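Peer 1: Now for the letters of each chain:
There are 2 protein chains.
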Amino acid sequence: MSVTSDTVGQHGEKELIDRIAAIIGKSFRHDVLISIGDDTAVVRGSGDARLLYTCDMQVQGVHFDLSVITPYQLGRRAMAVNLSDMAAMGAEPQYALVSIAVPSSLAVTDFEELFKGMKRIGDEYGTAIIGGNLSSSAGNFVIDVFLTGRAARKVYTRSGAKVGDDIYVTGSLGGSLAGLQAMGAFGKKAVDQYRDLVAKHLEPIPRLRVSSLLAQYDIVTAMTDVSDGLSTDLAHICEASGVGAEIQLKGVPIHNELAAFAQATGVDPIPMALHGGEEYELLFTSKAGSEAVLSEIARQSSVPITAIGRVVERESGLRLIDGENVTALEPKGWSHFGSGNR
Amino acid sequence: MSVTSDTVGQHGEKELIDRIAAIIGKSFRHDVLISIGDDTAVVRGSGDARLLYTCDMQVQGVHFDLSVITPYQLGRRAMAVNLSDMAAMGAEPQYALVSIAVPSSLAVTDFEELFKGMKRIGDEYGTAIIGGNLSSSAGNFVIDVFLTGRAARKVYTRSGAKVGDDIYVTGSLGGSLAGLQAMGAFGKKAVDQYRDLVAKHLEPIPRLRVSSLLAQYDIVTAMTDVSDGLSTDLAHICEASGVGAEIQLKGVPIHNELAAFAQATGVDPIPMALHGGEEYELLFTSKAGSEAVLSEIARQSSVPITAIGRVVERESGLRLIDGENVTALEPKGWSHFGSGNR
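Protein chains in written order, with the numbering used here: chain F, 18 to 359; chain S, 18 to 359.
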């Protein structure tokens, strides 16, 4: 490696991805429908079908800490975050490949627990682990899951939001970051005291059942999952769709254990709900007037779906409405490199 | 992680993979044709088509050393080893996803060179990079490439070898390990002195053109690529096919620069050719009497194809014939964990 002061650590994740996209260029393969820049890549399948591909790498010391997550939970989570990407596209997951780099010191029982966790959640969502790669590691433990998926007819991307659409989110927000902080502050005791927050962080539930219903009713105009944080993921939709957004603060569904945690620790729950990442909820836009259908989908899936704002002209940017108070909603979610969790 | 003396480092790669296979079980998806245990996974596509999936992780300190490989070569190589897996199945590569965990200290120019190397070899073999995942790394640099492929009708696995078939290998053997050793012994000077050996290690050529012709003539009964070493990869074919093999030592094509390197350093070239890994040549079996067709394929592809032995009854095991001298050919190629390069 050349010695230089211009390192990847000095650049934001987005800029680095833009540099990759510039090198890779537009695909010479005409069957590629979506490349870098959405939750998954999409290629043309036979007939109207779409084939989807995604991957997500979990790196020890960056994404997980084995003093707080069990190997079973880690395996489950590594698979869940990929399943969530398929949910974000309105697709059905199919096959997974698992690459792992494992330090020699890992206990064999832990190694097996990791795969049991992956297998369990795979089974739950009709996804088969069909291959992978096993390597020793001179350093950290790394797990990379590749997931394929299929959509019968269409996929839902970040780029279809139109001015006037309503903005919705499934479940609640802020819980995952609070769970992480609770474990940092209270260690293993947090698991008893803030059970739901900790579970929200360690055992995310991919919203595939809601997604499947949303696709069935074809009610979504743009969609993504909340992996980087509401503000950042909403900015992704706005950028891809060429629109702005107004979020009503009072509409944002805050995790029901977060208030107690915030009171005990003195943190402000609002920024946690607005910017906290790794929630794996669905964030989507839908034409105005979709409330009745969405209520039915929420009922059928037993997952809350909450209206949190509406799509506006691009020039208005991203705004947060708190009664009379209107402020800019800056994307402050997670970014690898650059300033990290900004 | 629990504290125990039973760690993954005490087990061989094969045993660990068997444990994964036991946990994952036979797929509940009937469209899965080949799961763990071949060069790629294979699922049913539309009509007679087969869809193939593979991944291969390159870990700093295990697979590469940035003091000898350039980032461009590293990117090229990370893609090449996956392309080689598609060649081993007689399939055409299609799309790649790239996951990387990058230390913050990596120079941006090196980061870009990595992707330029991947893009270049992808273009060469009709493979588009369509997505991936970028993470920071608290430790080592890790690159994981996921590759999809397609076969119009059938794939070639490790399991079709029949008693009486001839055994063939493309190109030559021993060069990659010698190239690695040359760089270890002579550093950058090796690049000038043993140019072909070093290139064989740093810039492997996936044998996709030969593979495509082999598939076209449908002349292969079993196939794999030489990634772990001839002895180990042949053992994989024998185990999967339920057969034994006899290798004629005088038939094994030894890399043409290896003799000079062996003389200069006092190493024995024979074990290097028999057991050295990361060659990415094709090792395959074919019905007796295929010589004429294989000569034609060698001519069309400009890649040598050499007969090195024949398939025998399982009970005979793997044997090495050196004139009158017959010895057991032990699989001594690369294994992660356990005894490493045994």
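Check each hint, because a few of them may be wrong.
To be verified - Distance windows between CB atoms, simulated: (1) F:G42 <-> S:S121: 56 to 62 Å; (2) F:K133 <-> S:G259: 27 to 33 Å; (3) S:D235 <-> F:S63: 20 to 26 Å; (4) S:S333 <-> F:G42: 50 to 56 Å; (5) F:I34 <-> S:V180: 51 to 57 Å; (6) S:D23 <-> F:E220: 52 to 58 Å; (7) S:K179 <-> F:H47: 19 to 25 Å; (8) F:E220 <-> S:R212: 50 to 56 Å; (9) F:S63 <-> S:D285: 49 to 55 Å; (10) S:D235 <-> F:R170: 32 to 38 Å.
Claimed, not checked - Only pairs whose alpha carbons sit at most 27 Å apart, straight line, appear in this in silico BS3-like list of lysine-lysine: (11) S:K43 <-> F:K31; (12) S:K206 <-> S:K267; (13) F:K267 <-> F:K43; (14) F:K133 <-> S:K171; (15) F:K133 <-> S:K133; (16) S:K304 <-> S:K179; (17) F:K43 <-> S:K171; (18) F:K304 <-> F:K179; (19) S:K31 <-> S:K133; (20) F:K206 <-> F:K133; (21) S:K267 <-> S:K349; (22) S:K171 <-> S:K304.
Please keep in mind that the hints were generated in silico from the structure rather than gathered at the bench.
Note that the structure is predicted; figures quoted are calculated from it, not measured.
Cβ atoms here follow ideal geometry from the backbone N, Cα and C, with glycine treated the same way.
Peer 1: All the hints need checking, so say for each whether the structure fits it.
Peer 2: To see whether the hints hold, each was checked on the structure:
{"no.": "1", "hint": "F:G42 <-> S:S121: 56 to 62 Å", "result": "violated (27 Å)"}
{"no.": "2", "hint": "F:K133 <-> S:G259: 27 to 33 Å", "result": "holds (31 Å)"}
{"no.": "3", "hint": "S:D235 <-> F:S63: 20 to 26 Å", "result": "holds (23 Å)"}
{"no.": "4", "hint": "S:S333 <-> F:G42: 50 to 56 Å", "result": "holds (53 Å)"}
{"no.": "5", "hint": "F:I34 <-> S:V180: 51 to 57 Å", "result": "holds (53 Å)"}
{"no.": "6", "hint": "S:D23 <-> F:E220: 52 to 58 Å", "result": "violated (27 Å)"}
{"no.": "7", "hint": "S:K179 <-> F:H47: 19 to 25 Å", "result": "violated (41 Å)"}
{"no.": "8", "hint": "F:E220 <-> S:R212: 50 to 56 Å", "result": "holds (54 Å)"}
{"no.": "9", "hint": "F:S63 <-> S:D285: 49 to 55 Å", "result": "holds (53 Å)"}
{"no.": "10", "hint": "S:D235 <-> F:R170: 32 to 38 Å", "result": "holds (36 Å)"}
{"no.": "11", "hint": "S:K43 <-> F:K31", "result": "violated (40 Å)"}
{"no.": "12", "hint": "S:K206 <-> S:K267", "result": "violated (31 Å)"}
{"no.": "13", "hint": "F:K267 <-> F:K43", "result": "violated (42 Å)"}
{"no.": "14", "hint": "F:K133 <-> S:K171", "result": "violated (32 Å)"}
{"no.": "15", "hint": "F:K133 <-> S:K133", "result": "violated (37 Å)"}
{"no.": "16", "hint": "S:K304 <-> S:K179", "result": "holds (8 Å)"}
{"no.": "17", "hint": "F:K43 <-> S:K171", "result": "violated (31 Å)"}
{"no.": "18", "hint": "F:K304 <-> F:K179", "result": "holds (8 Å)"}
{"no.": "19", "hint": "S:K31 <-> S:K133", "result": "violated (34 Å)"}
{"no.": "20", "hint": "F:K206 <-> F:K133", "result": "holds (25 Å)"}
{"no.": "21", "hint": "S:K267 <-> S:K349", "result": "holds (19 Å)"}
{"no.": "22", "hint": "S:K171 <-> S:K304", "result": "holds (17 Å)"}
In summary, the numbered hints that this structure violates are 1, 6, 7, 11, 12, 13, 14, 15, 17 and 19.
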